[in-house]
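Asks: All chains, please: the whole structure from these sequences, using the hints.
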Amino acid sequence: MAGLIDLVQTLTTPHTLDRYLELVHPTLTVRDMRAEIVEVDRDTRGSVTLTLRPTRQWRGHRAGQYVQIGVLIDGVKHTRCYSPIDPQGDGGDRRLRLTVKAHPNGLVSQYLRRRAEPGMVVDLAPATGNFTLPEPNSERIVLISGGSGITPVLSMLRSLDAREHRGQVVFLHYARSPEMVPHRAELVRIAERRPNFHIALGYPGTWPSEVLSGAPWSCAASPISGRFGYDQLERIAPWFATAQTYVCGPASLMDAVRTVYEAEGLEDRLHTEEFTFTATPVRPDEVTGTTIFSASGVTAGNTGASLLEQAESAGLTPEHGCRMGICMSCTAIKRSGCVRNLRTGELDADPDHPIQLCINAAVGDARIDI
Numbered sequence: 001m002a003g004l005i006d007l008v009q010t011l012t013t014p015h016t017l018d019r020y021l022e023l024v025h026p027t028l029t030v031r032d033m034r035a036e037i038v039e040v041d042r043d044t045r046g047s048v049t050l051t052l053r054p055t056r057q058w059r060g061h062r063a064g065q066y067v068q069i070g071v072l073i074d075g076v077k078h079t080r081c082y083s084p085i086d087p088q089g090d091g092g093d094r095r096l097r098l099t100v101k102a103h104p105n106g107l108v109s110q111y112l113r114r115r116a117e118p119g120m121v122v123d124l125a126p127a128t129g130n131f132t133l134p135e136p137n138s139e140r141i142v143l144i145s146g147g148s149g150i151t152p153v154l155s156m157l158r159s160l161d162a163r164e165h166r167g168q169v170v171f172l173h174y175a176r177s178p179e180m181v182p183h184r185a186e187l188v189r190i191a192e193r194r195p196n197f198h199i200a201l202g203y204p205g206t207w208p209s210e211v212l213s214g215a216p217w218s219c220a221a222s223p224i225s226g227r228f229g230y231d232q233l234e235r236i237a238p239w240f241a242t243a244q245t246y247v248c249g250p251a252s253l254m255d256a257v258r259t260v261y262e263a264e265g266l267e268d269r270l271h272t273e274e275f276t277f278t279a280t281p282v283r284p285d286e287v288t289g290t291t292i293f294s295a296s297g298v299t300a301g302n303t304g305a306s307l308l309e310q311a312e313s314a315g316l317t318p319e320h321g322c323r324m325g326i327c328m329s330c331t332a333i334k335r336s337g338c339v340r341n342l343r344t345g346e347l348d349a350d351p352d353h354p355i356q357l358c359i360n361a362a363v364g365d366a367r368i369d370i
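Reading the sequence shown from the start, the letters are residues 1 to 370 in the working numbering.
Among the clues, some could well be false.
As the list claims (entries may be wrong) - Below 20 Å or equal to it, Euclidean Cα-Cα: the simulated EDC-like pairs (lysine to aspartate or glutamate) are: (1) K101 with D41; (2) K77 with D123; (3) K77 with E309; (4) K101 with E179; (5) K101 with E274; (6) K77 with E117; (7) K77 with E36; (8) K77 with E312; (9) K101 with E186.
What the hints assert, rightly or not - Using C-beta positions, here's what the derived DEER-type ranges look like: (10) P351 with E210: 52 to 58 Å; (11) E139 with P284: 48 to 54 Å; (12) D348 with G297: 19 to 25 Å; (13) A263 with R56: 48 to 54 Å; (14) G167 with E264: 19 to 25 Å.
Since the hints were made in silico from the structure, they are not lab data.
Owing to the predicted nature of the structure, the values given are computational and were not obtained by experimental measurement.
By construction, the Cβ of each residue, glycine as well, lies at the ideal position given by its N, Cα and C atoms.
Replies: Here you go:
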């Protein structure tokens with residue numbers, strides 16, 4: 001069968017077979033995976049939940065992983081990464097739910113929040129990522145999230161609920177206000193049926209925090225208050241040193257959690273996922289030279305911006321996705337020169353070396369093969 005498909009692909013050159021099939025129906029594909037939006041829920045302020053029906057190529061996901069979706073906006077396809085909120089599964093039910101927070105400057109998230117509707121078709125890539133629950137599950141688990149970081153850990157919580165996990169679980173989420181917590185009603189239902197799941201929601205600086213459930217081993221009568229810290233964690237999960245902890249959220253929350261776990265010597269029990277990108281400071285003396293995009297014959301002066309931003313400013317349209325160093329879709333070969341990783345500050349001067357355009361900036365002259 002694969003040989004027959006390859007033959008048909010050759011006969012339909014220069015376009016792939018899927019390019020012709022999509023003229024019949026957008027989700028009729030042989031190799032490309034797509035998904036049709038079948039339900040749109042805008043009940044939570046500032047976000048939208050999309051229920052997707054993937055094509056037959058969908059193989060499900062592990063709790064905590066993410067997918068890439070491609071959205072066509074004004075004739076240009078934009079790719080972004082989002083974590084499914086569904087319990088872990090093999091994809092047999094052909095349903096996938098994504099909760100997308102509309103960030104103020106988020107082109108795709110704002111578009112989906114305003115314009116998504118049933119019948120819209122998006123590109124879909126297989127689930128990937130190493131931010132996943134262990135197999136078998138740890139007896140004690142702490143899940144911490146903030147803002148849009150709730151999505152991967154919510155999938156973990158729902159998976160533990162579906163498996164009727166009997167160990168101790170703490171789910172701690174921070175938001176600006178109660179109405180900005182996606183799927184809060186479902187969190188309440190999980191709290192009601194799982195006495196071993198301790199679910200707490202915090203609204204630092206705006207609202208008092210609330211505890212949705214408590215068990216005999218926790219201080220359910222003492223709601224959390226303020227921002228994350230050791231005392232707060234020790235009160236909610238006094239056994240956290242023996243647990244596996246998973247955290248996803250804004251940089252301030254991630255840093256606070258890392259500080260606690262590093263101080264306690266528990267780095268090996270902490271698992272993180274970041275959907276935000278905080279760049280290291282760029283030294284003025286590094287913003288020199290020119291960047292040559294050799295495959296396009298385009299030369300641009302170094303501005304200190306990421307190579308992806310420089311390429312776009314020069315009129316190029318390199319493939320990219322998350323724009324924060326997660327999805328790897330903007331990887332290109334650095335033929336010569338030196339670049340700095342904007343996340344870690346590390347320098348790379350090796351020739352003919354693959355780099356990610358979105359998180360690397362040129363240091364002096366550089367030649368990139370795009």
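Asks: Each hint needs a verdict: does it hold in this structure or not?
Replies: How the hints compare with the structure:
Pair hint K101 plus D41 holds up; C-alpha atoms about 12 Å apart against a cutoff of 20 Å. Between the alpha carbons of K77 and D123 the distance comes to roughly 9 Å, so the proposed pair stays at or under 20 Å and holds. At roughly 17 Å between alpha-carbon atoms, K77 and E309 fall within 20 Å of each other, so this suggested pair holds. Distance restraint check for K101 and E179: the Cα-Cα separation of roughly 13 Å lies within the 20 Å cut-off, and the hinted pair is therefore satisfied.
Under the criterion of a C-alpha separation no larger than 20 Å, the hint pairing K101 with E274 is consistent with the structure, at around 15 Å. Taking the CA atoms of K77 and E117, the gap is about 17 Å. The hint holds against a cut of 20 Å. Straight-line distance between C-alpha atoms of K77 and E36 comes to about 16 Å, which keeps the hinted pair within the 20 Å bound. Note on K77 and E312: the hinted pairing holds, with a Cα-Cα distance of about 14 Å set against a maximum of 20 Å.
Taking the CA atoms of K101 and E186, the gap is near 18 Å; set against the 20 Å cutoff, the hint holds. Taking 52 to 58 Å as the suggested C-beta distance range, the pair P351 and E210 conforms, at roughly 56 Å. The given range of 48 to 54 Å is respected by E139 and P284, whose C-beta atoms sit roughly 52 Å from each other. Between D348 and G297 the beta carbon distance is about 24 Å. The supplied range of 19 to 25 Å therefore holds.
Against the hinted window of 48 to 54 Å, the Cβ-Cβ separation of A263 and R56 comes to about 49 Å, which satisfies the hint. Distance hint check: the CB atoms of G167 and E264 are about 20 Å apart, consistent with the given range 19 to 25 Å.
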